[in-house]
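Chemist: Residues per chain are reported as follows:
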Amino acid sequence: MSAPLQPAIVGAGPAGIRAAQTLAKHGVRPVLIDEAARAGGQIYRRPPAHFSRPPETLYGSEAARATAVHAAIDDLQDRIDYRPDSLVWNVQDAGLDVLHGPTQTTCTVPYGQLIVATGATDRVLPVPGWTLPGVYTLGGAQVALKFQGCAIGSRVVLAGTGPLLYLVAWQYAKAGVDVAAVLDTARFGDQLAAVPAMLRQPAVFLKGVHYVAWLRAHGVPVRRGVRLLRMEGDERVRAVVWSEAGREHTLDCDAVGFGYALRSETQLADLLGCRFAFAPLHRAHLPERDAAGRSSVAGVYLAGDGAGIMGADAAEWAGELAALTLLADHGMAIDTQRAELLQQRLARLTGFRAGLERAFPFPSDWAAQAPDELVVCRCENVTAGELRRGVADGGADEMNRLKALTRVGMGRCQGRMCGVAAAEILAHATGQPVQQVGRFRGQAPIKPIPIQLERASGASHAGAAA
Amino acid sequence: MSHHTVQPLLRRVAETKRAAVAFTLDGRPAQALEGDTILTAVLTQGAQLRRNEFSHEPRAGFCLMGACQDCWIATAEGARLRACSTFIAPGMALLSGEGPR
Numbered sequence: 001m002s003a004p005l006q007p008a009i010v011g012a013g014p015a016g017i018r019a020a021q022t023l024a025k026h027g028v029r030p031v032l033i034d035e036a037a038r039a040g041g042q043i044y045r046r047p048p049a050h051f052s053r054p055p056e057t058l059y060g061s062e063a064a065r066a067t068a069v070h071a072a073i074d075d076l077q078d079r080i081d082y083r084p085d086s087l088v089w090n091v092q093d094a095g096l097d098v099l100h101g102p103t104q105t106t107c108t109v110p111y112g113q114l115i116v117a118t119g120a121t122d123r124v125l126p127v128p129g130w131t132l133p134g135v136y137t138l139g140g141a142q143v144a145l146k147f148q149g150c151a152i153g154s155r156v157v158l159a160g161t162g163p164l165l166y167l168v169a170w171q172y173a174k175a176g177v178d179v180a181a182v183l184d185t186a187r188f189g190d191q192l193a194a195v196p197a198m199l200r201q202p203a204v205f206l207k208g209v210h211y212v213a214w215l216r217a218h219g220v221p222v223r224r225g226v227r228l229l230r231m232e233g234d235e236r237v238r239a240v241v242w243s244e245a246g247r248e249h250t251l252d253c254d255a256v257g258f259g260y261a262l263r264s265e266t267q268l269a270d271l272l273g274c275r276f277a278f279a280p281l282h283r284a285h286l287p288e289r290d291a292a293g294r295s296s297v298a299g300v301y302l303a304g305d306g307a308g309i310m311g312a313d314a315a316e317w318a319g320e321l322a323a324l325t326l327l328a329d330h331g332m333a334i335d336t337q338r339a340e341l342l343q344q345r346l347a348r349l350t351g352f353r354a355g356l357e358r359a360f361p362f363p364s365d366w367a368a369q370a371p372d373e374l375v376v377c378r379c380e381n382v383t384a385g386e387l388r389r390g391v392a393d394g395g396a397d398e399m400n401r402l403k404a405l406t407r408v409g410m411g412r413c414q415g416r417m418c419g420v421a422a423a424e425i426l427a428h429a430t431g432q433p434v435q436q437v438g439r440f441r442g443q444a445p446i447k448p449i450p451i452q453l454e455r456a457s458g459a460s461h462a463g464a465a466a
Numbered sequence: 001m002s003h004h005t006v007q008p009l010l011r012r013v014a015e016t017k018r019a020a021v022a023f024t025l026d027g028r029p030a031q032a033l034e035g036d037t038i039l040t041a042v043l044t045q046g047a048q049l050r051r052n053e054f055s056h057e058p059r060a061g062f063c064l065m066g067a068c069q070d071c072w073i074a075t076a077e078g079a080r081l082r083a084c085s086t087f088i089a090p091g092m093a094l095l096s097g098e099g100p101r
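Protein chains in written order, with my numbering: chain A, 1 to 466; chain B, 1 to 101.
With the rest of the complex left out, here is chain B (with noise of 0.2 Å):
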């Protein structure tokens, strides 16, 4: 997959010392911190969790508590995650949407 720099969505602000998780994120290696939620994870990397069905536009959450349903995120596995509410773990594969259709 090519690889071209976006500007994250989230920025870090307290709490950076903690571990690092190796993750992969649209097949490339990234590093998340242990405590980070997956929408956490992906938005301090990059600025979408998907792409709305509908109108195919990029989405990246909205209500953050589990209420909006927004924030879904594929698996390399096929698996969808509630990306605001499921905790990073080392070596998930997440899959973005990201890129021109």
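The following block holds chain A by itself, in its conformation from the complex (with noise of 0.2 Å):
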């Protein structure tokens, strides 16, 4: 490659910190831009630095794991550009567009290699009364406790389905907090015929066995087999509807905590050029990535959960790997044993990957249940019978044409909360596979910014974003 050795690494999760300590290791200054004000991503967010928990409190199990993320990055601080609050809303021409927040200017970095290292948010599939205040994803919950030392009621209910679910229920249960009830659309029998390939990784499903053995002797009602109805409140909520075995179930609480695991953040790939091929295991459509972390375009290099869900173990291996391989392509020395021991340990994932998949199934029957008045994009109020007309009064087959049509995925999110479930939608509506249906392209400014600095920055991307 003839691009002089100038890499950026766009992410400050477990993945990004990972590659910018291996860079950083061979000599080698990359820019590090992250959005928060703190690295360490989602799962090991870190709360303002005059807060005062130790990370035991704050990370239970994984208090090791986060804190060595955490002292990596802290070690790395005049070894590396490291560019806190910094979000980027657009590639082009080797150059990162990057609206730095606190002080709201713009400017463009640019970049001989890009490691993209985005992260994930929770997958969302809507349920009447989701817009209701008081609702929250599983890991808004869980931010809200580790970064603001808040939970998001006095009475909740954890929904949905997934580590999270678990993981998040115990953390607020530890916090002191009441959990009315934990209601997993997953079947136990689901969980339990996933065990042999859980048992792959001994140690992670022990902590998930865990977790639910403590919830049950903490008195946490845990229901499995639901299906959310919805959630009922006027100004806020105030119940959980679900049906469990043929019956309807009413709970009262103050708010509700729920998700269906994780999706990938892939607009930064879609904007670079990146190959997408549907991947059955994620039910989405993903940049492809080598085993050694490349993507399709020369120099770009994806790594962690936004190319995949993977988790926090296997980001920060991915981190590491994608690091090496772009050195290798550049002609360096590196430890080729390590890469390949990289390499081996992700591969070795992908078993437990599938089984995790098995114990907590995406509930593929989710779009037919959704009746027509739910709505489905948060942000403009378009509803399941809108996007069900679109496909029979508009002849939509596909995303982008749906987004046309409705302006599903228009809004500010951009399709974050509600493309999953748009494509679900679209697909039961069509009679195709989900993987038909297409995904949304990514669009400049990949997050809403101030218009004045889209004039200022002399480009003209005329973006989904109000």
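Mixed in with the good hints there might be a few duds.
Now the in silico label distances, taken between C-beta atoms and shown as ranges [unchecked claim]:
hint	chain 1	residue 1	chain 2	residue 2	range
1	B	Ala89	A	Glu373	37 to 47 Å
2	A	Ala368	B	Gln7	29 to 39 Å
3	A	Gln436	B	Thr16	44 to 54 Å
4	B	Ala22	A	Gln6	43 to 53 Å
5	A	Leu341	B	Glu77	51 to 61 Å
6	B	Arg28	A	Arg187	43 to 53 Å
A short, non-exhaustive set of chain B residues, derived as facing chain A with CB atoms under 8 Å [stated by the list, open to error]:
hint	residue
7	Arg11
8	Glu57
9	Pro58
10	Thr75
11	Glu77
Quick look at which bits of chain A chain B covers, simulated, 3 or more residues with Cβ under 8 Å [said to hold, decoys possible]:
hint	segment
12	149-156
13	172-178
14	371-380
15	410-417
Hint data in this document are derived by calculation from the structure and do not stem from the laboratory. Using N, Cα and C, we set each Cβ at its ideal position, and we do this for glycine too.
Put the two chains together into one complex, using the hints given.
Modeler: This is the structure in structure tokens:
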């Protein structure tokens, strides 16, 4: 490759931090750009510096890992060009357009190579009432507690499925919050069937078993095989209604955290021109990466959950591996045994990852059950019925056509919250498998920015954001 | 602006020994703690950040990690801030759109 060795990393979670550390170890000074005020990512999100809870309280069984990742970034400060509070909103001509939050100024960061470590957010399947105040994602519920020392309410229901469901329930109960119930859409049989695959990572498996046992021992009701019907309330959430074994149940609460595992943040990889493919395990279109972390675009590498949900440990390995691959591609000497070891570790996780999907399956009948009046797009209040009319009357059979007809995905979140649900509704309404309906095209600016900055940068980005 | 007591949405369960930060919410004096996001500062006093411009129903954020863009709040000066990722600062004047329409 002819570009000078001038790497930039987007995202300072476990993947981005390990990538930066690896480059620095080889005498290379990367730019590390992160939207947050402090590095760590979401799972190892750090509270403001003057907060006082110890890592054991914040991160539980992950305290040692979180502390190690934080120590790595703290130790790097004078060997990397670290840019916190900095949102990458566009990329073109080997330059990243970056908005600095506190000063509201934008600049272009040139790069020779790029490691994309943009992470993930909760995968959301809407349910009537999900826009009520007091209803948050599971990840959001966790951020409130870790980052701000707040619970999302006094009597909290946690719902959906995925490992995060039990982790957040345990963290909330440990913090003294009344967890009224854990409502898992997965059946107990799903979790039993997944045991052989999950035993490939016995420590992780046992952690999960421990959380459930702990919750039960502390009187937290854990219901499995539920279907969320609605969240009730007028100006705020007051109750959750679900069905279980054919019966409807209502539980009073003042907050709900819900989500169905995670989804990758892929907008930047899309703008970079990376080739995407449908990944059945993740039920999502994802940027392709080879075993060493290369994308389909020369000089662009992918690491961590942003290119497929594999978890925080895998993110650390993938970040280090992507950096080693980048260096090797530039002709530098690297520890090839270390690179091979990382590849082996990542490959071994695949079986376990399939087991997780078995234990917490995506509720693939969600679209069939979604009522017409359900708000799918919370930015612009687009309903499931409007999406179905886009198919029946407008002939939409692909996501971007559906977007053009209904405005779904055109609001401020640009499809981050509604994209999964819209694809499921479209697939169901057209009778296609979900991989056939495509995905929202990424568009700059990939997050909303003040309009005057667009002008100041001189670029003509007719973005979807207001 | 008439004052009516609202049960706050968020509940502090830790980190309560921090310096106070004075700001105003819908014209009323309010106190947050140093290191609070605007979202925390507002939702430990009230139950909404804004009203959705289409449904006019109250909203109070959703993802808390800068992705959903649901937590924008207006300032008295007419600016709009993303409440989950902007820290409260002394003297901020915030408008939650609370009250009947």
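Chemist: Of the hints stated earlier, which fail here?
Modeler: 10, 11
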